[in-house]
Structures are given as C-alpha cells and as structure tokens.
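Line by line, the protein sequences are chains U and R. When the letters of the first sequence are read in order and numbered with my numbering, they come out as residues 1 to 278. When the letters of the second sequence are read in order and numbered with my numbering, they come out as residues 1 to 178.
Watch out, some of these pointers could steer you wrong.
Derived coverage of chain U by chain R (criterion: at least 3 residues anywhere in the stretch with Cβ under 8 Å from a Cβ of chain R; other residues may be distant) [to be verified]:
1. 45-53
2. 72-79
3. 114-127
4. 177-189
5. 236-245
6. 261-270
Think of the hints as simulated: they come from the structure by calculation, not from any bench. The beta carbon of each residue, even a glycine, is placed where N, CA and C say it ideally should be.
Here are the chains, one letter per residue:
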Amino acid sequence: MARELSARVISATVKELFLKATVLLPQDMEEAIRAHQGQGGLEGYVMASILKNSEIAREENIPLCQDTGAAIVFVQLGQDVHIVDGFIGEAIQQGVREAYGEGFLRKSICNPLSRKNTSDNTPTFIHYDVVAGDSLTITAMPKGGGAENASLIEMLTPAEGIEGIKKLVINHLRKVGRNACPPLTVGIGIGATLESVGVLAKKALLLPLKAINPDPTLAHLEAELLVAINNLGFGAGGYGGWVSAFGVHILTMPCHIACLPVAINIQCHAARHLEVQL
Amino acid sequence: MLQGCQSIRTPFRDNEHRSLRAGEIVLLSGFVYCARDAAHLRFQEAIQKEEKLPLNLSDETIFYAAPTPTRADGSIGAIGPTTSSRMDTFTPALLKQTGLKGMIGKGFRSEVVRDAIFSNRAIYLGAIGGVAALIRKYVLSVRTVAYADLSAEAVLCVELVDFPLVVVIDSLGNQIGA
Chain U
1 MARELSARVI
11 SATVKELFLK
21 ATVLLPQDME
31 EAIRAHQGQG
41 GLEGYVMASI
51 LKNSEIAREE
61 NIPLCQDTGA
71 AIVFVQLGQD
81 VHIVDGFIGE
91 AIQQGVREAY
101 GEGFLRKSIC
111 NPLSRKNTSD
121 NTPTFIHYDV
131 VAGDSLTITA
141 MPKGGGAENA
151 SLIEMLTPAE
161 GIEGIKKLVI
171 NHLRKVGRNA
181 CPPLTVGIGI
191 GATLESVGVL
201 AKKALLLPLK
211 AINPDPTLAH
221 LEAELLVAIN
231 NLGFGAGGYG
241 GWVSAFGVHI
251 LTMPCHIACL
261 PVAINIQCHA
271 ARHLEVQL
Chain R
1 MLQGCQSIRT
11 PFRDNEHRSL
21 RAGEIVLLSG
31 FVYCARDAAH
41 LRFQEAIQKE
51 EKLPLNLSDE
61 TIFYAAPTPT
71 RADGSIGAIG
81 PTTSSRMDTF
91 TPALLKQTGL
101 KGMIGKGFRS
111 EVVRDAIFSN
121 RAIYLGAIGG
131 VAALIRKYVL
141 SVRTVAYADL
151 SAEAVLCVEL
161 VDFPLVVVID
171 SLGNQIGA
C-alpha cells in the first residue's frame, strides 16, 4: 500500500530544517564543548566563545556562522511513499529557496567559472537513497566552504593499505586542519568508487559524535586517528592547543581490486545538521 | 582573558599597530572594510591596470568577511572571518600598492605574505571562526561601499567596537606559536 505525501509538506519541512540547523548547535557538539571548557588560555577562551555564540544564536534567532553554507540534503525515500502535489526535487529546492530568502541566510552559491551568484542559494545538493517502508527521512546539512575546502578525495593503491590511510589523514590534517574552524569532526570514507567515497565521508559526519564504530578494527583506527589529530596541536580555534578534533568517523564499502579510494570530509565546530522523519 | 588587553583604533595613521606582538590579544575599534575572494580579484585587476580602487586603503584594515544579510528590521546579520589563506595570492601587491596596514581573518598565511607583512610593516589579526552571532555584538553598523553587484561578496564598511582579536603575525613578521 502506497502512502501519500504532499510535496508541499516536503517543501515546508526542508525550509524549517534549514532555518533551525543554521541557528541551533547540535546537542552532542554543545556537550563536547562544555566538557572541555575548563581549558585555560586562548583555547579555553575559544571554547567559551563557542558556547556564548550558541546561546546568542538560539535566543536571538541569528545564524551560528555567517557562512550558512551550501545546502546539502540527504533523502531516504521509502519505496511505498507516493508523492503528490508536485515533484520531490523541486519541493526541496523551493524549501531551500524560502529558508535562505525569508530567513536572511547568506546566499553563497555561484557559477564555478563566472562566479556569478545564483541569488537564492540553490541548487541544493541532494543525495537520494530508496529504502524499504513508507516513510521519508530528510536530513539538512548547511555546509560551510572553509571546512569543505579542507576536504579531499585520494585514490590510494591497495599496497598503501591502512598505513597509507593513516599517513594521508594525518599529513592532510597537519596542513589544513587549523584553518577549518576546529575542534573538528572528521568523516572518512574508505572504499567504493570515486563518486561514492565522497558521499560515504559526508554521511560519516551525520553520525552521533560519540558513536563507536561497530567494526572493532575501524573503532581502533578512529581512536588512533583522533589521538594523532589532537597531537598535531593546532587546537580549538586553530591558534594552538590540544583539542583539535572531537571525533573521527569512518564508513567503508567494498572496492575494486585495483583501488583504495579514501575521502576525508572535514566538519567545523558548528557541525550543523538536522534530520526529520515524515 | 580580555582584561588588561591593549585597545587599538583603525585606521593606523600613527602606526599604533606596530607595538603589538604576535600572541597578544587586542580589542579593535573603528571602521574596517569587509572584502573577500571576488572583491580581491577586482582589486588586483584594478592594480594591474593602474586604475584607482573604489576606496582608499591607505592605513586601513580589511576584514575577510561576508555577513548574512541585514534583516528587514535593520538588524545586522551574523558576521565572522573566512579563511585568510585564499587571499594570500592578492595580499603582497595590495600591501605594497595601496598602503593597506591591517588584515583580519582566520587561520595562517603563506611565507610570502608573512614576508610582505614585515616589509610593509603591516599586521595580521585572527578572529575565531564560526562564532558569528557573538561577533555581531561588536558591530555597530554595516554599509555597502563598493562592488554592490557582487551581492554576498560586495565590499562593506563595518564599524567595530572592542572586537577581540589575536595577533597572528605582527609588523616584525613574528608569528604566533613560532
């Protein structure tokens, strides 16, 4: 039995998700910052500022960051959902258009070559998964340019293996981590293909901050990388300190026998994302 | 943390910025210009063609920032620094040709920029990224002064009061943590 869902409801939901996600610091991130606010010096001042910022943003309904991001949406569409009153893709674009327009969010999307602004922050970057069931799950992720610029996809060789992955992550974070608004969350995709590994890394950023990988090998690798990143010493705010990252999350998929794709997607301390199930 | 910090006022006509040292916190007040990628590209084109810039940058400070739009009720948007290193390619010529003295952004700069800061006796100040609702509290006014067609990337003049910043590179080329 198909369940009917109106495109108008999808539009209104997407709008509300972006209006909230740009203003509200995710609770797990807020807790992590609160747990580290005792740090002294500049790093402690940065932590206190992040908490103060979250409070002002929430109370005055002001975005946490001036970079209200590229609008990324993950859709899990139950195969028993039948969408009426319009097309789902356009409904999502309309929701984003209204959120960025009426919400006075910054329009940060432009033609890649002429650099002319599209003026309404569309297109939205939508990732669809068709799943079992009759519900629709939408995740909104306003993603800032600074942390996205600090991200990377590399096609390693199978011979480089797990040691090669560690070297890639640490060397890369040493180079760019301090500019990407730490404390960071690091999403890592391993395996799949060029286009899919990037999506894996991005989906890894949607996991709860404290989530422990169900695969013991990966859980160990995540813990090892987190310690190594914190030892780089750029710290909260990037001007020196010992809380450079709060979490490393890895998602994997099998890959071709010739390949070892690795994607690193960096998330800033605002870590904005919000999910709803319809 | 901010108690007992030095205060400084833009523009740096009397070289007040030269007494600041890397690693210090400073409270900055006065007018600064917000400009980022697209505006810097236009500055560069104007300099290369030996045309006049639409604003006088002598002794002034650029804030690498583009706030969210001012709301219908006139309230100022969220504002904060973008990654400064993207402007590195434009900075040496800007310092040399315009007399620009201060830059505010986030993150570190290239060696070439550090050298240019030293040779032009300029200064680079770091703000905290991602706390734009808080930084907005240090902003008194915002108005567009050039390149309005660049929409989000237009050049703005922003008045700041006691905006806390870290001296990342001082006028002698010293860098925080180095």
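- Item | Numbered hints the structure breaks, given as an ascending list | 2
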